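Visitor: In terms of my numbering, the sequence shown opens at residue 2 and continues consecutively.
Hint data in this document are derived by calculation from the structure and do not stem from the laboratory. Only a predicted model underlies this, so the values are computations on that prediction, with no experimental measurement involved. Note that the Cβ used here is the ideal one computed from N, Cα and C, for glycine as well. A hint or two may mislead.
[Claimed, not checked] What follows is a list of derived Cβ distance ranges for each label pair:
{"no.": "1", "residue 1": "14", "residue 2": "34", "range": "39 to 47 Å"}
{"no.": "2", "residue 1": "32", "residue 2": "10", "range": "34 to 42 Å"}
{"no.": "3", "residue 1": "8", "residue 2": "37", "range": "25 to 33 Å"}
{"no.": "4", "residue 1": "17", "residue 2": "38", "range": "34 to 42 Å"}
{"no.": "5", "residue 1": "37", "residue 2": "10", "range": "21 to 29 Å"}
{"no.": "6", "residue 1": "38", "residue 2": "8", "range": "25 to 33 Å"}
{"no.": "7", "residue 1": "6", "residue 2": "37", "range": "30 to 38 Å"}
{"no.": "8", "residue 1": "38", "residue 2": "18", "range": "26 to 34 Å"}
{"no.": "9", "residue 1": "36", "residue 2": "6", "range": "22 to 30 Å"}
{"no.": "10", "residue 1": "10", "residue 2": "33", "range": "27 to 35 Å"}
{"no.": "11", "residue 1": "10", "residue 2": "31", "range": "22 to 30 Å"}
{"no.": "12", "residue 1": "7", "residue 2": "31", "range": "31 to 39 Å"}
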Amino acid sequence: MSKGKASSLNSIGHKLAPWALPVLLLAVWQLSVSAGWLST
């Protein structure tokens, strides 16, 4: 892999980072709700 491609992938990762974490948390929460883990 060339150095230029690696740095462009890295910058894409930085652009995605701000919303990737909340989306991941939301997905985990939805899975836990559908699995019934949070039903008390």
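Visitor: Hints first: check each against the structure and report whether it holds.
Guide: Here is what the structure says about each hint:
no.: 1; hint: 14 - 34: 39 to 47 Å; result: violated (29 Å)
no.: 2; hint: 32 - 10: 34 to 42 Å; result: violated (28 Å)
no.: 3; hint: 8 - 37: 25 to 33 Å; result: violated (44 Å)
no.: 4; hint: 17 - 38: 34 to 42 Å; result: violated (27 Å)
no.: 5; hint: 37 - 10: 21 to 29 Å; result: violated (38 Å)
no.: 6; hint: 38 - 8: 25 to 33 Å; result: violated (40 Å)
no.: 7; hint: 6 - 37: 30 to 38 Å; result: violated (44 Å)
no.: 8; hint: 38 - 18: 26 to 34 Å; result: holds (27 Å)
no.: 9; hint: 36 - 6: 22 to 30 Å; result: violated (39 Å)
no.: 10; hint: 10 - 33: 27 to 35 Å; result: holds (31 Å)
no.: 11; hint: 10 - 31: 22 to 30 Å; result: holds (28 Å)
no.: 12; hint: 7 - 31: 31 to 39 Å; result: holds (33 Å)
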